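> As a plain string of letters, each chain reads:
Number of protein chains: 2
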Amino acid sequence: MLIVQKFGGTSVGNLERIENVANRVSRTANEGHGIIVVVSAMSGETNKLIEYAEHFTKTPDKKAMDFVVSSGERVTAGLLAIALNAKGHKTVAMSGRQAGIRTNADFTTARISDIDSTNMKQKIAEGYIIVVAGFQGITEDGSVTTLGRGGSDLTAVAIAGAAGAELCEIYTDVDGVYTTDPRIEPKAKKLNVISYDEMLELASAGAKVLQNRSVELAKKLNVNLVTRSSFNDNEGTLITKENDMMENVLVSGIALDKNQAVVTVRGVDDRPGIAADIFKALSDENIVVDMIVQNVGQDAKANISFTVPQSELERAKLIMQRFESAGAITTYDTDVAKVSVVGVGMKSHSGVAAKAFTTLAHENINILMISTSEIKISIVIGEKYGELAVRTLHEAYGLGK
Amino acid sequence: MLIVQKFGGTSVGNLERIENVANRVSRTANEGHGIIVVVSAMSGETNKLIEYAEHFTKTPDKKAMDFVVSSGERVTAGLLAIALNAKGHKTVAMSGRQAGIRTNADFTTARISDIDSTNMKQKIAEGYIIVVAGFQGITEDGSVTTLGRGGSDLTAVAIAGAAGAELCEIYTDVDGVYTTDPRIEPKAKKLNVISYDEMLELASAGAKVLQNRSVELAKKLNVNLVTRSSFNDNEGTLITKENDMMENVLVSGIALDKNQAVVTVRGVDDRPGIAADIFKALSDENIVVDMIVQNVGQDAKANISFTVPQSELERAKLIMQRFESAGAITTYDTDVAKVSVVGVGMKSHSGVAAKAFTTLAHENINILMISTSEIKISIVIGEKYGELAVRTLHEAYGLGK
Numbered sequence: 056m057l058i059v060q061k062f063g064g065t066s067v068g069n070l071e072r073i074e075n076v077a078n079r080v081s082r083t084a085n086e087g088h089g090i091i092v093v094v095s096a097m098s099g100e101t102n103k104l105i106e107y108a109e110h111f112t113k114t115p116d117k118k119a120m121d122f123v124v125s126s127g128e129r130v131t132a133g134l135l136a137i138a139l140n141a142k143g144h145k146t147v148a149m150s151g152r153q154a155g156i157r158t159n160a161d162f163t164t165a166r167i168s169d170i171d172s173t174n175m176k177q178k179i180a181e182g183y184i185i186v187v188a189g190f191q192g193i194t195e196d197g198s199v200t201t202l203g204r205g206g207s208d209l210t211a212v213a214i215a216g217a218a219g220a221e222l223c224e225i226y227t228d229v230d231g232v233y234t235t236d237p238r239i240e241p242k243a244k245k246l247n248v249i250s251y252d253e254m255l256e257l258a259s260a261g262a263k264v265l266q267n268r269s270v271e272l273a274k275k276l277n278v279n280l281v282t283r284s285s286f287n288d289n290e291g292t293l294i295t296k297e298n299d300m301m302e303n304v305l306v307s308g309i310a311l312d313k314n315q316a317v318v319t320v321r322g323v324d325d326r327p328g329i330a331a332d333i334f335k336a337l338s339d340e341n342i343v344v345d346m347i348v349q350n351v352g353q354d355a356k357a358n359i360s361f362t363v364p365q366s367e368l369e370r371a372k373l374i375m376q377r378f379e380s381a382g383a384i385t386t387y388d389t390d391v392a393k394v395s396v397v398g399v400g401m402k403s404h405s406g407v408a409a410k411a412f413t414t415l416a417h418e419n420i421n422i423l424m425i426s427t428s429e430i431k432i433s434i435v436i437g438e439k440y441g442e443l444a445v446r447t448l449h450e451a452y453g454l455g456k
Numbered sequence: 056m057l058i059v060q061k062f063g064g065t066s067v068g069n070l071e072r073i074e075n076v077a078n079r080v081s082r083t084a085n086e087g088h089g090i091i092v093v094v095s096a097m098s099g100e101t102n103k104l105i106e107y108a109e110h111f112t113k114t115p116d117k118k119a120m121d122f123v124v125s126s127g128e129r130v131t132a133g134l135l136a137i138a139l140n141a142k143g144h145k146t147v148a149m150s151g152r153q154a155g156i157r158t159n160a161d162f163t164t165a166r167i168s169d170i171d172s173t174n175m176k177q178k179i180a181e182g183y184i185i186v187v188a189g190f191q192g193i194t195e196d197g198s199v200t201t202l203g204r205g206g207s208d209l210t211a212v213a214i215a216g217a218a219g220a221e222l223c224e225i226y227t228d229v230d231g232v233y234t235t236d237p238r239i240e241p242k243a244k245k246l247n248v249i250s251y252d253e254m255l256e257l258a259s260a261g262a263k264v265l266q267n268r269s270v271e272l273a274k275k276l277n278v279n280l281v282t283r284s285s286f287n288d289n290e291g292t293l294i295t296k297e298n299d300m301m302e303n304v305l306v307s308g309i310a311l312d313k314n315q316a317v318v319t320v321r322g323v324d325d326r327p328g329i330a331a332d333i334f335k336a337l338s339d340e341n342i343v344v345d346m347i348v349q350n351v352g353q354d355a356k357a358n359i360s361f362t363v364p365q366s367e368l369e370r371a372k373l374i375m376q377r378f379e380s381a382g383a384i385t386t387y388d389t390d391v392a393k394v395s396v397v398g399v400g401m402k403s404h405s406g407v408a409a410k411a412f413t414t415l416a417h418e419n420i421n422i423l424m425i426s427t428s429e430i431k432i433s434i435v436i437g438e439k440y441g442e443l444a445v446r447t448l449h450e451a452y453g454l455g456k
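First to last, the protein sequences are chains A and B.
For my numbering, count along the first sequence from 1 and bump the result up by 55.
For my numbering, count along the second sequence from 1 and bump the result up by 55.
The set of hints was computed from the structure by calculation and includes no laboratory data.
Pairs count within a copy or across copies, as identical chains cannot be separated in the list.
Derived lysine-lysine pairs resembling DSSO-like cross-links, with alpha carbons at most 27 Å apart: (1) K402 <-> K245; (2) K402 <-> K456; (3) K176 <-> K117; (4) K245 <-> K456; (5) K113 <-> K142; (6) K113 <-> K145; (7) K117 <-> K145; (8) K372 <-> K356; (9) K142 <-> K103; (10) K410 <-> K313.
Being a predicted model, the structure only gives us computed values, none of them experimental.
Working from the sequences, and respecting the hints, build out all of it.
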């Protein structure tokens with residue numbers, strides 16, 4: 056079968072590690088599979104090149120920047136091709152251009168528009184292992200672009216979709232997706248399989264194994280994604296489309312996010328459009344709002360609470376001043392933690408939310424905000440209770456077994 | 056006018072030097088000229104990448120090698136474009152591919168087959184400064200190649216020819232071409248102008264300012280070549296086609312080469328084809344023979360002397376053993392120096408050679424071999440007399456004035 060294997064910056068961080076990657080790819084090739092490898096730059100290289108560029112100006116020309124930065128992945132791709140050729144595998148290195156990766160012209164944050172996989176398919180048919188420089192493509196007029204953060208993962212998923220690969224393996228320095236952060240709960244277990252949607256909810260709740268853009272693309276292209284470690288032979292976690300088996304599992308994981316701040320607005324007129332006014336103002340400034348809760352307080356005045364990343368709180372405060380002059384009373388709280396319970400099983404089982412509230416109450420943890428989706432319950436609590444909440448919920452849903 | 060400016064590895068050796076190059080290019084642009092810049096990799100980068108590749112095998116796959124090594128020039132080109140953009144100049148960086156440089160498929164030592172300058176000409180017409188990554192091109196099927204040693208100079212000359220540039224400036228760490236090596240003769244003077252052929256003879260005689268391939272290409276494409284320093288504003292040396300003015304100058308320069316060895320073969324039958332046998336055998340092994348002298352000795356036996364680079368002497372000895380078994384007596388001498396007197400003026404002036412012999416005789420320097428071309432006299436002498444010969448000949452031809 057055809058497999059795409061993607062190795063991140065840590066996995067190709069030095070020459071010995073590239074040699075290890077070559078051994079792993081070689082083993083998969085010897086099992087008779089067709090392989091397209093996608094690589095990142097050696098860790099530290101991209102930052103070094105960005106530093107070089109910023110020596111000349113704090114705002115380097117983005118097109119020239121992409122021309123510079125894209126070279127990091129090319130070096131890794133060429134070196135890995137050399138290592139594989141030395142092991143007797145016919146191997147060819149390809150730039151984004153040679154792999155047929157077309158993007159729009161948003162330099163430094165380009166989006167893949169389509170992939171012409173003719174060249175790759177031909178080389179695979181001729182028995183070549185292909186090593187593609189990740190994170191890059193070219194515009195219609197042939198200029199080099201880069202895809203922004205997580206770009207090499209995106210390259211791998213998009214290639215897997217275009218070339219019809221049966222599997223897209225993303226190698227990192229962790230074993231896969233866990234029921235929760237093992238640094239918080241040592242009993243956390245690695246998940247063998249999880250749905251795209253669960254992965255998306257876990258990722259946005261703070262479990263940063265994969266970037267959401269890649270998971271969303273895998274879901275769209277129906278690519279079977281595996282995340283696993285390049286430093287051992289443990290099986291990873293398969294991220295795939297939802298199936299009946301998954302629904303038997305009530306809850307897949309618990310995530311913790313301590314980087315949110317809660318903004319509460321009291322005393323605004325409870326009229327249609329007031330929420331829209333606030334969130335339009337925030338969105339105009341590109342401030343990402345996560346949870347939103349609104350209820351009616353005293354005197355037909357509305358209370359609205361929402362969370363924003365702590366890093367964007369100062370900018371949010373500036374915007375909220377506009378509403379304060381219209382009588383709103385605004386308070387801010389950064390000593391908060393968001394705990395999320397994620398699982399497709401909760402769609403068909405009642406009582407999952409109730410169990411979360413009971414569990415936290417039993418530990419005397421006060422709930423500040425609640426918001427739910429079909430497959431997720433997010434609860435905001437005092438920051439100092441974050442780890443305790445994760446551990447007790449992990450236990451309550453039987454995830455450590 | 057349109058000017059090509061090429062900056063070598065030392066001239067772009069660190070970020071400060073790239074900034075200096077940007078200042079120089081900016082100045083030329085502000086004078087109203089169209090500019091195509093060609094850059095090498097930052098000094099040390101190419102060797103670092105080669106070392107990386109050789110970590111995996113002593114004989115890295117050449118195609119993958121070119122994929123890796125070509126990235127060094129790309130980084131410099133992108134960084135220089137960033138620096139120039141930051142100074143307010145519309146600037147675009149181009150790879151060999153984007154500059155339209157097509158080569159054959161001899162990876163690591165490719166030759167430029169043609170240049171499609173459409174893209175460059177259009178960008179120049181739109182007011183852009185173009186910065187091209189030197190040393191590289193692509194094959195017909197889109198694979199990246201590199202041009203081998205001196206490849207960035209070749210890129211610059213070929214682009215100057217294809218784009219119809221009035222001038223091709225090669226910036227290095229020396230001021231230009233001198234009448235002789237200033238480390239040997241402090242009275243050596245920089246030449247303002249010299250013909251292609253003189254430059255070729257001086258280069259092959261040991262004055263390595265420019266590689267012969269670049270000078271030959273400049274001659275073929277009729278490109279006006281200037282070699283000058285990137286570290287000061289001194290005028291350099293113009294290398295151009297021969298003109299009447301040049302013939303008034305008897306001798307342009309004296310070169311010294313101490314890396315040759317003399318091979319003398321005595322006692323071979325003086326029959327047609329004997330020299331051919333010897334030199335075919337050497338050429339089959341890619342041993343470069345420079346001077347060849349033959350005369351008839353006693354008993355109708357021929358004496359043949361020739362020079363080879365000292366680094367190839369051991370291989371030459373192995374080949375000569377074949378002729379020893381046929382009765383030839385072979386001797387070798389590495390304690391030699393080749394002194395060359397070069398100048399187009401000697402075509403129309405007699406007595407130039409005689410003056411050389413007289414001058415050396417006056418210093419009691421014994422001549423071992425002589426060979427002459429239209430514009431060069433090469434003399435092999437004892438190694439220890441090399442510098443003395445250079446200084447006295449420099450004086451005799453009045454070059455220090």
